[in-house]
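**Q** Sequence:
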Amino acid sequence: MAVKIEHRTRTGCPVACSMDILGDHWTLLVIRNLLFFGVHEFKDMLLMPEKISTSVLTERLKMLEREGLVAQIPHPESARRKLYYLTDMGKDLIHVLTPLVYWADSYLAHYLDIPTEKRNLMDQGQEAFKAAMLAELQRWEAEFLTG
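Each position in the sequence shown, counted from 1, maps to that position plus 4 in the working numbering.
Hints are computed from structural coordinates only; laboratory data are not their basis. Positions of the beta carbon are idealized from the N, C-alpha and C atoms, including for glycine. Don't take each hint at face value.
As the list claims (entries may be wrong) - Once the Cα atoms are required to be at most 20 Å apart in a straight line, the calculated SDA-like pairs of lysine to any residue come out as: (1) Lys134 <-> Leu50; (2) Lys134 <-> His114; (3) Lys86 <-> Leu125; (4) Lys122 <-> Leu33.
To be verified - FRET-style restraints, in silico, Cβ to Cβ: (5) Glu69 <-> His114: 32 to 42 Å; (6) Ser57 <-> Pro78: 34 to 44 Å; (7) Ser22 <-> Leu138: 30 to 40 Å; (8) Trp144 <-> Lys55: 18 to 28 Å; (9) Met93 <-> Ala146: 14 to 24 Å; (10) Ala20 <-> His79: 28 to 38 Å; (11) Tyr111 <-> Pro80: 27 to 37 Å; (12) Gln76 <-> Asp127: 27 to 37 Å; (13) Lys55 <-> His79: 21 to 31 Å.
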């Protein structure tokens with residue numbers, strides 16, 4: 005069995021150290037759902053078109069919580085359910101993922117299926133796109149974290 009070696013214990017390289025946390029595609033897709041699509045429940049994350057498994061999703065959410073990028077609260081309708089949300093550290097990844105979205109739009113457009121609402125926001129430019137996504141997160145937080 006392969007042992008994962010964390011770069012944080014071997015190098016001071018910012019990219020390598022960041023990849024310890026973000027280095028697999030499932031992690032970034034979980035963050036994408038929270039950041040861009042307003043998906044905050046485990047059961048809804050399982051519905052992502054990439055078909056993440058229950059065990060992988062559980063593992064990624066726990067790791068993201070341990071690393072301080074994601075937190076959880078009890079669901080207001082049922083204490084057995086949880087709502088996951090991005091911490092400030094997690095929300096700062098908008099500055100990483102937004103350029104990735106635009107890069108994919110430039111070079112991989114023939115593979116993409118961007119919802120019209122998101123496309124319209126993208127057409128306004130990266131800063132406007134980020135502002136709109138963060139405003140949606142603030143509305144959710146106002147309802148569930150401070151309400």
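**Q** If a hint holds in the structure, say so; if it doesn't, say that too.
**A** Here's how the hints hold up against the structure:
no. : hint                         : in the structure
1   : Lys134 <-> Leu50             : violated, 25 Å
2   : Lys134 <-> His114            : violated, 23 Å
3   : Lys86 <-> Leu125             : violated, 29 Å
4   : Lys122 <-> Leu33             : holds, 16 Å
5   : Glu69 <-> His114: 32 to 42 Å : holds, 36 Å
6   : Ser57 <-> Pro78: 34 to 44 Å  : violated, 24 Å
7   : Ser22 <-> Leu138: 30 to 40 Å : violated, 21 Å
8   : Trp144 <-> Lys55: 18 to 28 Å : holds, 25 Å
9   : Met93 <-> Ala146: 14 to 24 Å : holds, 20 Å
10  : Ala20 <-> His79: 28 to 38 Å  : holds, 37 Å
11  : Tyr111 <-> Pro80: 27 to 37 Å : violated, 42 Å
12  : Gln76 <-> Asp127: 27 to 37 Å : holds, 34 Å
13  : Lys55 <-> His79: 21 to 31 Å  : holds, 24 Å
Checked against the numbered hints listed earlier, the structure breaks hints 1, 2, 3, 6, 7, 11; every other hint is satisfied.
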